[in-house]
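2 protein chains.
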Amino acid sequence: MNLISPRVLKGFRDILPDSERVRRALTDRLESAFRQFGYVPIDTPTLEYTEVLLGKGGGETDKQIFRFQDHGGRDVALRFDLTVPFARYMAAHLNELYTPFRRYHIGKAYRGENTQRGRYREFVQCDFDIVGVDSVSADADILLTVVEAFRAIGIERIELRVAHRGLFSRFLGHLGAGEQSAEVLRTVDKLRKVGVETTKNDLVALVGDAKAAQVVEFITAGGEYDEVIRRLEELAGGPGIDSDRVRRTIGAVVEAGAGKNIIYDPTITRGLDYYTGIVFETFLPELPDIGSVCSGGRYNDLASLYTKQELPGVGGSVGLDRLLAALEQLERTPEAGPAADVLVFCLDDSLVGWYHSLARTLRNSGLTCEVYPATRKLAQQFGYAEKKGVPLAVICGPDEHAEGRINCKDLRNRESFDAAGPDEAARMLRARLGAE
Amino acid sequence: MNLISPRVLKGFRDILPDSERVRRALTDRLESAFRQFGYVPIDTPTLEYTEVLLGKGGGETDKQIFRFQDHGGRDVALRFDLTVPFARYMAAHLNELYTPFRRYHIGKAYRGENTQRGRYREFVQCDFDIVGVDSVSADADILLTVVEAFRAIGIERIELRVAHRGLFSRFLGHLGAGEQSAEVLRTVDKLRKVGVETTKNDLVALVGDAKAAQVVEFITAGGEYDEVIRRLEELAGGPGIDSDRVRRTIGAVVEAGAGKNIIYDPTITRGLDYYTGIVFETFLPELPDIGSVCSGGRYNDLASLYTKQELPGVGGSVGLDRLLAALEQLERTPEAGPAADVLVFCLDDSLVGWYHSLARTLRNSGLTCEVYPATRKLAQQFGYAEKKGVPLAVICGPDEHAEGRINCKDLRNRESFDAAGPDEAARMLRARLGAE
Chain Z
1240 MNLISPRVLK GFRDILPDSE RVRRALTDRL ESAFRQFGYV PIDTPTLEYT EVLLGKGGGE
1300 TDKQIFRFQD HGGRDVALRF DLTVPFARYM AAHLNELYTP FRRYHIGKAY RGENTQRGRY
1360 REFVQCDFDI VGVDSVSADA DILLTVVEAF RAIGIERIEL RVAHRGLFSR FLGHLGAGEQ
1420 SAEVLRTVDK LRKVGVETTK NDLVALVGDA KAAQVVEFIT AGGEYDEVIR RLEELAGGPG
1480 IDSDRVRRTI GAVVEAGAGK NIIYDPTITR GLDYYTGIVF ETFLPELPDI GSVCSGGRYN
1540 DLASLYTKQE LPGVGGSVGL DRLLAALEQL ERTPEAGPAA DVLVFCLDDS LVGWYHSLAR
1600 TLRNSGLTCE VYPATRKLAQ QFGYAEKKGV PLAVICGPDE HAEGRINCKD LRNRESFDAA
1660 GPDEAARMLR ARLGAE
Chain E
1240 MNLISPRVLK GFRDILPDSE RVRRALTDRL ESAFRQFGYV PIDTPTLEYT EVLLGKGGGE
1300 TDKQIFRFQD HGGRDVALRF DLTVPFARYM AAHLNELYTP FRRYHIGKAY RGENTQRGRY
1360 REFVQCDFDI VGVDSVSADA DILLTVVEAF RAIGIERIEL RVAHRGLFSR FLGHLGAGEQ
1420 SAEVLRTVDK LRKVGVETTK NDLVALVGDA KAAQVVEFIT AGGEYDEVIR RLEELAGGPG
1480 IDSDRVRRTI GAVVEAGAGK NIIYDPTITR GLDYYTGIVF ETFLPELPDI GSVCSGGRYN
1540 DLASLYTKQE LPGVGGSVGL DRLLAALEQL ERTPEAGPAA DVLVFCLDDS LVGWYHSLAR
1600 TLRNSGLTCE VYPATRKLAQ QFGYAEKKGV PLAVICGPDE HAEGRINCKD LRNRESFDAA
1660 GPDEAARMLR ARLGAE
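Keeping their order, the protein sequence lines are chains Z and E.
All you need for the numbering used here is the position in the first sequence, starting with 1, plus 1239.
All you need for the numbering used here is the position in the second sequence, starting with 1, plus 1239.
Do not take every clue at face value.
Treat identical chains as interchangeable: a pair holds within one or across any two.
[What the hints assert, rightly or not] Lysine to aspartate or glutamate pairs mimicking EDC-like chemistry, simulated, CA-CA at most 20 Å apart: (1) LYS1302 - ASP1314; (2) LYS1547 - ASP1448; (3) LYS1616 - ASP1320; (4) LYS1347 - ASP1267; (5) LYS1432 - GLU1422; (6) LYS1439 - ASP1428; (7) LYS1627 - GLU1270; (8) LYS1249 - GLU1290; (9) LYS1302 - GLU1574; (10) LYS1627 - GLU1335; (11) LYS1547 - ASP1528; (12) LYS1626 - GLU1335; (13) LYS1249 - ASP1314; (14) LYS1347 - ASP1428; (15) LYS1347 - ASP1320; (16) LYS1499 - GLU1395; (17) LYS1626 - GLU1436; (18) LYS1347 - GLU1361; (19) LYS1616 - GLU1639; (20) LYS1249 - ASP1587; (21) LYS1627 - GLU1387; (22) LYS1626 - GLU1290; (23) LYS1249 - ASP1309; (24) LYS1450 - GLU1436.
It is worth saying that the hints were derived from the structure and are not from the lab.
Chain Z with its partners taken away, still in its complex shape (with noise of 0.2 Å):
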């Protein structure tokens, strides 16, 4: 028989044992931060309605997308995202649920994308959203998650970079440019990618000399957060909702303790219309190349699409791939501890009853144990105990096993000692296993 070649799809992978276990680590670590704050779980269908996923008008074939009819003629999508999901889901349960309404949601998504730029066609990612509530608490709320959900993963340094979509309109407005304000944030968008000067020049483009001054000295104001935003007051006309709200977010967010993580910066902008009020990116410091790794904001109505209660919201997003790139570069994946703690070697078929009583007290003790499965050569017990990761060892024959006594060995340095019985054995080894 001519043998299947075991391939996977382009953009599509396996995940081997050693990476899962870091994965499942790092979202363990932020599913708890965001438990800390209160959010909930929420799943929705893999597949879904072409038409749900992109609105009606979008009949045209979106490339990106993996569309395709099922049998029942439906024409259906992988989802491409976990927001617009959200958005029907919201819409389909609002009776059910209740706001202010706080979830999260870690789960696969789509997209056929270039797979050259390192993209994956099949991706995780990681949303958290606060909905049916338009106020500066549930601002600084999604702020304060996201730097603690750095925090739980092992990054206190983070940048988080925020500003206000509605102050720069005002200032396009004031500036008498508010007919291009699309065109231009999404220029003034790029400007990390293409620097200041590209930026000042595209610009120049668009609004003439003048404005293009004015806009590059909008954006390019540093300085503490209190004093960017009545510099950038100044620019718009003055005082307005727009910058009172996003000074009150910041100062919030600074009594809550993470005014260290927290910067004004008017060129992030966040490309999609989308947004209405505070938008942010998140960057490491350590990594400035990498790009954002959480960005967000606050909209206005989440589910207009679907249902004509108008659901305001704020929520950010972590695209996990390229989180775990960016740890591993750090070399700070989340430690995901050995896959197990013992392994009780076959020395002898006769013994296979007991080898698996042994691990079950060891395992009733706090252990994870495993029984190696088969009685082969010693030396491949250790080879297997070694590739795993495997600190300790149980070594019993049928001599030790009739004289009473259980030999433990710690493979780390090769230390062995003797235990009188398995509740012996199991209080050795947890204390070996602290003691390293």
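Position chain E relative to chain Z; hints supplied.
Chain E alone, transformed into the frame defined by chain Z:
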């Protein structure tokens, strides 16, 4: 603008927060049991080449598979189980992995099933296997894993019904019914659904009166496992490696302390040709009608479609949706705990920063704590806490704040108590949480 209906596809579901929290509590406990035995997690793509999933003979359209052409013209499909992807995975990564290899995998799979029978088209599977070894110890290990996994989710009483496919086949050969063995196995497999009488009649039609009577004698043999095996050996023409193997396997499980859960049941055949050694199904005595909640067995070559390297293995699979339904019926779903321990009420906008600062202190003390994100009527905030099941509250306005007094409340019994500052509030709230 016309609204789009926020509907989901037939057979697909949104999961509401309370359900999702229970699902996660359930999978957390299962994973914890797997980890106790040294299983490591893996992941594979949701979307694969159709050829890889269905084999080369899978050209005829299988109605149950979600299959389509992607933008690159590839014939692709959503995985319909976790076994086939695991086989491909092992073939693809043999050089990077070690054997024996024990993995678990919890993930979604997709089938276009008839939804009228309460089946979902998107469902969660939970598989665990030990491959690369053919031994009593591995077989016993899988059976012990099943017992421990159910114990971890609070189900001590399970019936793990075990048989050996080889012993049944040998019996049929001895009887002179070897040629009809596939049909006989399929008939016997249905016994639990259709009853002994119907099975008997079907067997008579298949192999005639005399042989049918012997088959019925074989499959109705009951009693202690060693007694049943001895009886079956007689019917099969004497002792053999099959009966010896299953006797030693069950013996090891008994020695490891899980004897009360295990029954030799000759009617367990598992329809699939795939299995070659022990086979098992798991029933809940309190819910006999729900059928098996965890099934599996030994196969002699996992990945023969993709590699010439033989990979014998043994494994089991839990259908998570069916298990959840069973636990709901038993009112024994795992306890997910409150969505947050403490709700900090919002009584005044000027205190937003302080509320978040207090919440941070409470979180640092180990409490999960949510800040109500807007100044709304007290009744509304109480209603929210109740809907979300939050047991404790901090209710402070400007007056209390000015007096340096933190008013706490146990929402379960409406008792109030004051703390002199954030640290004392944390201590009192924690004590209160533990007290109930």
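Item to check | Structure versus earlier hints, numbers of those that do not hold, lowest first | outcome: Hints 2, 3, 9, 11, 14, 17, 20, 21 and 22 contradicted; others consistent.
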